[in-house]
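Participant: Listed here are the chains, written in short residue letters.
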Amino acid sequence: MTIALTPVLQEFVAHYNQWITIFLMVAGLYIVIAKDNMIKKLVGLSLFQTSVYLLYISPGKILGGTAPILDERFTVYSNPLPHVLILTAIVVGVATLALGLALVVRINEAFGTIEEDEIFERELGE
Amino acid sequence: MNTIAPAILIIAALVVPAAGALAIALVGRRANLREAVTLVTAAVLLGVVGRLASVIFAGGNARVDGFEVVSGLTFAFEVEPLGMLFALVASTLWIANSIYSIGYMRANDEPRQTLFYVCFAIAIASTIGIAFAKNLFTLFLFYEALTLSTYPLVTHKRDAAAKSGGRTYLLMLLGTSMLIFLPAIIATGYFAGTLDFTVGGILKGRLEGPAVVVLLGLFAFGIGKAALMPLHRWLPAAMVAPTPVSALLHAVAVVKAGVFTITKVVIYIFGIDYLSATGASTWLVYVAGAGVILASLIAMTKDNLKARLAYSTVSQLAYIVTGAMLANGTALVGSSMHIAMHAFGKITLFFCAGAIYTAAHKTEVSELTGLGRAMPITFAAFFVGALSVIGLPPMGGLWSKWYLALGALEADQLVILAALMVSSLLNIAYLLVIPVKAFFGPAPDGASAAGMKEAPLACLIALIATATGCVVLFFYPGPLFSLVGLIQFR
Amino acid sequence: MSAGELAVGTAAAVAHTRTLSEQLPALQVVIPLLGAVLCALVRKGTLAWALALAVTWVMPVIALALLWRVQASGPISYAMGGWAPPWGIEYRIDALSAFVLLLVSGVAAAMLPFARKSIASEIDGDKQSWFYTMFLLCLTGLLGITITGDAFNAFVFLEISSLSTYVMIALGSDRRALLAAYQYLIMGTIGATLYVIGIGFLYTLTGTLNLADIATRLATLGFSPPMLTALSFLIIGISLKLALFPLHVWLPGAYAYAPSFATAFLAATATKVAVYLLVRFLYSVFSLTTLSEPLPVFDLLLALSIAGMLGASIVAVFQDDVKRLLAYSSVAQIGYIMLGVSLANGPGLTGGLVHLANHAVTKAALFLAVGAAYYRLRTVQEMASMTSLKITDLAGLGRQMPWTLAVFTLGGLSIIGVPGTAGFISKWYLALGALEKGWWWVVVVIMASSLIAVVYIGRVIEIAWFREPAGPLREAGRPHPSMIFSMALFGFAIVFFGLDTSWTAKLAVSAANMLLGLGQ
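Protein chains in written order, with the working numbering: chain V, 1 to 126; chain Z, 1 to 490; chain H, 1 to 520.
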């Protein structure tokens, strides 16, 4: 049974991938800005980067297309290029996250805390 | 007959003081050798400049084509009569100033003397660069170099007053040159397509109406070294410097570079015919004229001798600017000659002020009463210098003031003529009163009279020389006249 | 496979092998990359430095060869791995990228001798080779951004340079370096991700990642909301990297707490390459100057540039830490560069591009001089643990280290824009560019910010020349000759580029003409 949706809602539902992307993007950015805990910030950053992966890959799927492996039986393929790009981006994201976490460990050693507001207070007092 | 190419002479005139600076820095430890290097450099420079002058007098010209920095900006030199005049004044008085400095610095046991002489030499090199610049870019380059090289001289004493005075000096001069002068240069380059000093000016037909007025105003106030009121504050602030520096600033290099630049801009960038036709300079005639009177009035209120001389300089510079802004040949002759006359007169006055400080440790005018008997030579020289600055015969200053007055008449500016007269009267009031009181006033009380003696010998030699110069310039102004006469206005 | 087939295959491979000069574009990036790997395998700091030195001294040679080829026969197109563009990754060198390549490689080569003593003093023994590894990786990334003609490839190199930068900063001796590195990581990653988002939109619009191809296809597509979105994301993302006001927040901390050599290198190169990337997108890809209905992009950039020029200069006046002061000065100077970019006419764009070189040379000189003073001060017993350099620590430097302070003064004069120094040339072009648009007030703004520079540079010079040396400084000796060598090079360059502009302004003019589509 198909539910009759108004045109606006239809548009909304048709682009659900974009909406998820936007939600993740904004949520990630919000976490980076609003949270003081350094690890949480990194989590937000990762969320933000993940949204970008979706941004690339979801339009790459051609409706009615098959996996991009050449075969005489098929004429419409999904686009493999976004996947390649996002693999690269994931690697970059992983490296960034690793580096970020390493920095957090060292900051914890040096300052005894990973809450930005506490460190800020301490720096001001110094 | 020695035929050194004029171009080589120009380069030599720049290289000699610069090389001298290097040499002074290298032999810094040995004071006598260092002073010898200074004097030798100054003498060689005078020789080179004199050689160049003979070329100019013979009607030739000298040019160094230089190189292009960016398209539109070339680094080049050309000697024309006004620049020759400036260079002659600078190199002649450098020797006098060097002799004086040796006496002054040693008698007062000043520290950091090597830096002093090095910066002096660099400042003179910059002055020669300004004198011989072919275009506004080259001139501006050396103009800024002059500001920067005189800053260590102004702040020589390194105490709080020196630091604060140095800040005012640097900020005002760099401020005017960067905020006002440089935009004016850029605008000129943009509208005229060139920055070269050209006979008859480069702006005719390129700029109309109020833009000319504004541009001229930008130049007049942007060239902060000319101390046009109200941008004159740096001059009295720079009085924190030791007296040889003040003598250099007020007679030889800095202020003369300022009024020289204004005059050159009037003659070779705008052109006097263009200025008279557009009437763009009339408002500046009044501004400068007001400065003449105002500065004299302020000078009368100053008890500190150097401050009084500083404001006297502001007033005299305004004379030169007034003449330039009157924009006719006669007034410009007066302005150009006043560059030389005032240089000799003012340097004498400052030499005397320094001598008084060194010998008697007095800085205020009120303390000088009766001192003339203990220091007759110094105050006699002061008298001569004062007469020259006031413009009375038999001192050279008469000639320049005469032509300025004629120029004011020619331009129908009777108000200005009156202002010049009034100012001369004021000059008498605040300058002449000093030697008069020194010779004829009551002697100072016993305790301070005991230690009075004349100034150190080197200082005396210098101030006698420059005072004699003032007298000589009255009786033999011929060479100066012919040089000024060679300036092509159109 | 038979022997015959093998022989044929080898012969074909040999025939395919081009001469070394044809592989130069790839070598420009591959050599420092390999050098980085080698450095990682080395334990001793000095050996790592020597390796880095060898690599960085080869770089300008390659860049010069590429420049000459571009000047002789026009833009070079190199297909990486033999895959033809637009499907393969293309390295494309034209007048602009050759200029920036030479700038980055030249600066790195001139600066590296300084690093030997400076890094040895500021970083622990076992970590020094890691520093040089990161340095070479950063160099790879910067050169790669400049040389590549593929948008996503630019992102990869951007992140290579950024990640290695974060590590370089974190190796600083002050613990606040870790915080600065972390903050830069967060902001830099956001910037890079925004850049990727922009690329994503562009790819969705045009179906290609090759910059030249995107440009052609965008021209036929015309204006559309996705294009504007892509443009916005790209501008903001790259602006974060180039520290355009108000996205500059990471820069003062990063420059203040990183090792002195790292600061000098980053200040001279990293932001310049980001400017290059932005210019490439604005002018070559989006062709903003040829749009029929102009977008307000240049106006926005103009406003931000001016805000940066004035704001950052004023903030610099109130700084006590010398490196922080110079960092804010850098933000102001980046404002100058972006002013030139946003003027979008011949002299303006030339001014912005030539200031890439002039500012690089100037800031290098300044930071190296400060680094040398810092190095010498730390050798004095009681200052061994100092981690930041206050202006007052420099009191009396003129007596102890006159050459160092001479270089600093030259750099300061160039920041102020005194004629005869490189900084004046940039100001001249910028002012001409503003005049051509009839914007007199911009000329006044340029001069005003130069005047503010007089104040903050003057403060340092006043204290350094005029005060007597304080206790610790009196025992500090002269810097090591290797440091003086690098400093002297940059000091000389400041004056040289102020009087002879055939290497800087001429190249910038041809680059600007190419970007604006004007004749040579």
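You may find that some hints are simply not true.
Unchecked claim - The following residues of chain V were derived to be distant from chain H, with all beta-carbon distances above 12 Å:
#, residue
1, THR6
2, VAL8
3, ILE69
4, GLU116
As the list claims (entries may be wrong) - Coverage of chain V stretches by chain H, computed from C-beta distances (three or more under 8 Å per stretch; other residues unrestricted):
#, segment
5, 12-19
6, 48-58
7, 70-78
8, 104-112
Treat the hints as calculated values from the structure; they're not laboratory data. Note that the Cβ used here is the ideal one computed from N, Cα and C, for glycine as well.
Participant: None of the hints should be skipped; say for each whether it holds.
Facilitator: Structure-based check of all given hints:
no. : hint    : in the structure
1   : THR6    : 23 Å, holds
2   : VAL8    : 18 Å, holds
3   : ILE69   : 18 Å, holds
4   : GLU116  : 9 Å, violated
5   : 12-19   : violated (count 0)
6   : 48-58   : holds (count 5)
7   : 70-78   : violated (count 0)
8   : 104-112 : holds (count 5)
Hint compliance for this structure: hints 4, 5, 7 are broken, all remaining hints hold.
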